[in-house]
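Trainee: From first to last, the protein sequence lines stand for chains A and B. Be aware that the first sequence starts at 17, since it is given in the numbering used here, and climbs by one per residue. Be aware that the second sequence starts at -16, since it is given in the numbering used here, and climbs by one per residue.
These are computed hints drawn from the structure, not numbers from a lab. Just so we're clear, the structure is a prediction, and the values are computed from it rather than from any experiment. Positions of the beta carbon are idealized from the N, C-alpha and C atoms, including for glycine. Hints may be right or wrong, so weigh each one.
No farther apart than 27 Å at their CA atoms in a straight line, the calculated lysine-lysine pairs in the DSS-like style are these [said to hold, decoys possible]:
#, chain 1, residue 1, chain 2, residue 2
1, B, Lys487, B, Lys501
2, A, Lys267, B, Lys101
3, A, Lys256, B, Lys73
Pair ranges (Cβ atoms, derived) [what the hints assert, rightly or not]:
#, chain 1, residue 1, chain 2, residue 2, range
4, A, Thr390, B, Gln161, 58 to 64 Å
5, B, Arg(-8), A, Pro221, 38 to 44 Å
6, B, Cys(-7), A, Leu104, 28 to 34 Å
Spelled out from the first residue to the last, the chains are:
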Amino acid sequence: MASRPSLAPASGPGLGEKLLAINWPLVALVTLLGLVGYGLLYSAGGGSHTPWAARHGIRLVVMLGLMIALALVDIRRLFALAYPLYALVLLMLVAVEIVGSINKGAQRWIDLGFIQLQPSELMKLALILALARYFHAAYLDEVRRPLFLLPPVLMILLPVGLVLKQPDLGTAVMLGVVGTAMLFLGGVALWKFLLAGALAGAALPIAWSQLHDYQRQRVYTFLDPESDPLGSGYHIIQSKIAIGSGGLWGKGYLEGSQAQLSFLPEKHTDFAFTMLAEETGFLGAVAVLGLVAAIVVVGTGIAVRAESQFTRLLAAGVTCNFALYALVNVAMVTGLIPVVGVPLPLVSYGGTAMLTVMLGFGLLLNAQVNRETTIPRFPVDL
Amino acid sequence: MHQESDRTRCFRRRALLVGGAQLALMGGLAVRLWQLQVRDAESYRLLAEENRINQRLTVPPRGVIVDRRGRPLAVNVPTYRVRIVREQAKDVRKVLEALAEIVPLDEARIDEVVQLAKAQRPFVPVTVRENLSWEEVARIAVRTPDLPGVLLDSGLVRRYPHGPATAHVVGYVGPVSQAELEREADPLLRLPDLRIGKNGIEQAYDRELRGRAGLSRVEVNAIGREIREIDRREGEEGADLQLSLDLDLQRYCMERLADQEAAAAVVLEVATGAVLAMASVPTYDPGAFAGGLSPALWRQLTTDPRHPLFNKCIRGTYPPGSTFKMITAIAALEAGVATPSTEVFCPGHMSLGNARFHCWRPSGHGRLALVQALAQSCDVYFYELARRVGIDALASVARRFGAGVRLGIDLPGEKPGLMPDSRWKRERLKQPWQKGETLVCGIGQGFVSMTPLQLAVMTARLCNGGREVHPWVVRGPHAHVSEGKGRPAPSLGVSRANLEAVLKGMFEVVNGPRGTAKASALPLPGVYMAGKTGTSQVRRITKAERAVGAHKRKDRPREERDHALFVCYAPHDRPRYAVAVVVEHGESGAKAAAPIARDIMVEALRLDPSRELVPGRLDMAERG
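This is chain B alone, in the form it adopts within the complex (with noise of 0.2 Å):
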């Protein structure tokens, strides 16, 4: 046993030695403190308490937005404000309050205050209010020994110099969110001031525009005047960044809307793919947002059926209707079930099992071929035409014209509509495809939904010899969409004679002696102009309705009347810029669509300077 017994006192000798080792180093650690807390309280103290190095983060200025021809569509201008720091007024309330007697400031604002305050590190300074008056400045000036803590300096606000008018493309900065803090590590959004992105190119492009924060660490006293600055290194400016916006076109398209309730355009440059102008009304005031926006405002905004927030051009979507009767030709053309020249006979109707599927006008259009059948808009022809395709074909064509699918526009929110195949409604909706629903959508109704960037597109791949062009905004080297560097746009490998087949169709929309929107030529002498209407229900007819006519009766509910929709191209014979008006609830894409892409596309002819893109003239942008 003396075996067991060598063992226990080996280990008991050094179990003490362990135990007593860990005893000493804690003694070791009671003498760290004694020198800490005792030997060098008082240097401490002081460093806590009066002399300190205050890091400060520079905050670079925000890139300025300009349009294709250098014109400033986001600013920054320099703004008189007042600032706290925590760590040096003690209390921030009293001192706030105190404040409050000099300059006007309310209950809420001082509690917001506090809050923001508590929430930083003690010697970042929090804005306590912007946009002071120079007496507001002097007054507050001339009290600052009574305020500790307190700091005068200015800043710089965002501006929109055409807010609403380019409020949807532009977007508008907003302060920092919990969730965003989360999600990056930039030391700048943990600056109680620091605006970011909250929509459209603001945001889209914010890294961009934000830059790198700078550094500069200074010296300041007990009261916290700033004795020297140590050393400071240098940030790194927020990029400028150039729209292909023109805006110019854009205001006239806002101003051309203005008097429609709900409605969206766009204008596109078809071989290039850049938005000239994208146009949505409702809108709203981005600067609304730079300060936090009211409540009420807030719920105003985000209540409003309208929804004066959305940037319908890319987020809202509507069957395509009329409009996606050029897909619809094209497929068959391309899986060779109908060429030109066949002829369809229409009694007003179509039959199908025991379903019948109407032509708009009632009484019939008699026998057509291709270029009529689109310039009278014949619903029984393309009936014809998707029901000899099928929907998976048709389903595919559409896509690669853009309908369906994201088109990777370099704004945020972009929906991608919906063309449904019979995958599609398996998976989705766990039935199987009917014949019937390949009619309804080779007339854009039933589940098609596009959304007018998406029929902008599709205008612009159809006149621009069938190139897949992508729509983007930002131009240069910091473009997130490869067009918008420059690149040339592959081809869609569609044939030529049958695009120039359903050309020759939208030609005789406009300009035919039969067509739907004859009414909408150009008025100017040696230019054409070529498009199509779309009417598109937004419910079903039931048969009781149209017996007695109820759906065209001018007396229903505006969110019951049908969408008016057009799209066009310009000038026929060399295509230059596609545009898309969507009207919501506008009844009739002849009546009331066309006519304000007419306009437009007249507007855009007469602002082309022949039309070389003007370079970048960033040096008329105001700079902060």
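In isolation and in its complexed conformation, chain A is listed as follows (with noise of 0.2 Å):
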């Protein structure tokens, strides 16, 4: 057993070097995502500031600011702050419940006047970094012992269960994996997650009859679209054909044929990549996934160099988190899965996301700036 590293101030670097350790590139990255972004709905708003460039734009900038914050932060407060955050997000999501059933109606937020807080997506973050937490303190030895996985499967599936009676299937299946993987990156052994998918394959039937009506719907809609052509199979379809018709160059900005594809109700939010799909072409659209594939790659080498667990665990659930919004949000709208209304980060018009991203973007760069800080295997007070 090693013996408990003293928490000397040395221990944690300065500000002034910590502005310095800040990955800026990654900063870069994620801020030209966020430019794509607000000239796209310049382009949705048919060339205007007006409904939704301007906003996206403001609140690409506080969050920055908010995220370059979120890194000066001390990783160990995090780490000490770990737990009691989950509970916290966990318990707003029962309040919202709670309302929701007195409201008779879908309630997912919290209405703090000045925002309208999602709990589901920052349960996101709050899971992340509870499982870096736990597993943490756990050394492989530990993490073999099937008594020890009680534990952090309790701690994905009980957000997961509340998430799915809001009910929002989305982002229950978003968190499910999210949490998959930390179980994964955190050392469980392969063959459990085999025995998992096979038990949850068997389960496959109940869960069928548990799905709401119009969520059923929306899997008989993306296997056969046309049989709702008014409904989401309208959107499957002309959003296939806006893509698909932008071809290898597209149609120049702003001039997206599908008349500034004002069939999309969605074209701001959810069917923002069609748009940019349509307008710039697959070259466009590719550059794009590379801008993705350029800060997973960034994020996930932040995690490999990350000398404490909690500190890599972290920096890569971030990344992953990020990585499948972009994966889901595409196949959604190229025709490969079912619209499940999850938004392209930094690019769809709309907060909560992109609170959740910046937030998650803000633990990464802390993950960096932290990646010789030791922490104690159980926090100590600071």
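Reassemble the complex: the two chains are provided individually, in unrelated frames, and hints are given to aid placement.
Mentor: Dropping the structure here:
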């Protein structure tokens, strides 16, 4: 057993050092992606800053500041706060559930007056923090013990269940996938995932019976878009037509011939990528995918180079979360998976997803700054 | 420390695996984009620009509205119109400018259509002009090849054959507003040509009249010609509605009121609550709304102090004045603080504390019992009854007869009026109730206000044996009010003898030698009407004005003159109809309102074919 390292102030870097240590290329990539979103929303508004582009830009600037601020927080404080934060967000999820059942409707947010807080989004980050902390304390031989896995699995299933009940299938699936990725990164044996997968496959019919009508409808529509040509099938068909007709070079900025896509009511949110692909063509769409990929490469690099288990799990977790948004969104608009209502982060209009992703990048930068900071296996009061 | 390095190695391996998997999936998406945008680009381009399946909502014809004998009040008539489809026109403005050379089309309308087209899905046709003449249709048809995206077809527009006479009840239709779009998810509302009910029955029964959309899928080629219909899902036609209104009586009422500046009249069937006529002047032309109103006309309609758009029968609230005295009488009789033979001496005023409450007749009525007090409308008598009952018991009886409550008629915008009590004043005005206010309320002044409909319902409930009828306009399976579906009204629980005593007073008002409305007795042999006059003050009379008689001067400004009211029912021995008339600033209930009410009653009785409701003859009405 290693002796507990002392918590000398020298073990964490100073403010100036921290600013220098921030991964500025990553900041640049993130800003660039946000600017792509700005340009796109300008086009979606029919060549106008209103109603979307200007607000998107303002949010981007504010959240970049928030991101840098989060990068400068002492990582040991984050470590110490991981569980309380998780508990707080879980409570908020329960709260919206209660409020929702009183209002007899789907309620997904808490209205704080100045912002509508969507706890299921915050839960993605809270879950990553909590799991990172849990696995930080465990060496591999502990991880191999089946009982050891019980708490983290519960930590994942609890919010997944609550979000499913809201009902928000897209976010629930994303939470489940991020949680599973964390278990995998934490060192859980591969055969356990295969076993769980087999069990889940067997339970699929039961899950199907628990889905809401509209969720089933989405799956049906996905399998046969023609069956609901006026509803969501219309979106898939029109989205594919718009993307396909963009061709290699695209129809030109502000020139989407599907007449600025006004047949798509959600061109500024979930279907933003469709518009991008129509106006800038295959080259533009792949360039944006490349931007996302570059962020994933940088994020994975930070994770691999970090020296403590908490830091690297944190970095890998938020990278995975970001990648998942992009993958699900693009797969959705190209007709590979059902329409589940997941936006393309930093490009789609909408504050909550942007907040989650930018706070995630803040954590990622934090991990970069603190890659050499030692964190005791158990927290010490700071 | 090897444990730490173990898990570090494990993590790195797996992190690279996860990161690699993410990149691989992104590669997969890039391949997918290649499939769509490079490999299949040509076929998608075709789909997007040339051969295209259009989904077209088919609009069901709006339900027809007829009167109780099946005579049409709102119908659909065919019209030729020219429309434009954005995705085929490409440049909507250019095409419209070309079209403007063939048919009259001003710059403002072109701008409007460009905006409308932009707001729609690209394949949805937007109407450019309606009511085209044959010649215009032919001229456009010849030029179609030069006008991409321009369609000629026939549609239906709403017509109101009796326009202004039925405007307040039937209402009108107009374009869907943004707020209405957000409130309802019906895909029909997104169609630019759809008109929905904005007032009256058209609004209250919009869902029923509108029906449900059908869907037809049409294959069209590059220039927009329809190649074939692929399939079609039928919609549901809007329901036809039959009203309780009698068109003849309604038109008579409107004509009879026509020379008044502002007035309202309601005719009810006392046993059922059916509204036979509901007239409100001034009125407006409902046909003007269908195509969108000119701003000037709209301003004129909304700023006119006589409120032509208002249905005064349900939205106008007036102090009921002496027509309220039956309520005060019933309240006192029911409370047991007076009997029909209770006598009161009227010296022309009554003192309470140091305040003095005047009778309308300064010299007084002398000693009176209930029947004569009603017949001569003695104010002092009812001050005394009100004083004995107290405001709260008075208000509770008044509400049972419909004062101060919404009666639930199936028309939008009904006002409740006001029946005050001590609790209301404490809560709303934060002041205690004053005894003097009870006296004023006892003669239907002060805070009390009622709509003409409430006055008619009050009269019906008095003369139908004390049954709680509710007014309604639409009859049959779609009716919103249960009596419209033929269910009988429950009893109010008021003693029959008390009602009889009050009705006797009302009989004397019209037929007694000293009755205030004896000049308005029915000119029909053997048929008698009973009623009550009311002349209600619009403003308080000051002591100085009373001293010089200024409150009776003819040269007062119109808005300071008293309202004239009259309520009545007939025949007195087997009541069928109740009528309420309010003439705004008509000065005298007996002189201005009673003759109108009498004429309306005569017409109602004359039209009464003895008098069973004629079941709906919808086949007579025009259908679209």
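Trainee: Are the hints correct? Go through all of them and say.
Mentor: Evaluation of the provided hints:
For the given pair, B:Lys487 sits about 14 Å from B:Lys501 by alpha-carbon distance, which is consistent with the 27 Å threshold. With a C-alpha separation of about 19 Å, the suggested pairing of A:Lys267 with B:Lys101 holds against the 27 Å cut-off. In summary, the hint linking A:Lys256 to B:Lys73 is supported, as the alpha carbons are separated by about 21 Å, within the 27 Å threshold. The given range of 58 to 64 Å is respected by A:Thr390 and B:Gln161, whose C-beta atoms sit roughly 60 Å from each other.
Range check, B:Arg(-8) to A:Pro221: Cβ separation about 40 Å, and the 38 to 44 Å hint holds. Between B:Cys(-7) and A:Leu104 the C-beta distance comes to about 31 Å, which sits within the given range of 28 to 34 Å.
In the structure shown, no violation is registered for any of the earlier numbered hints.
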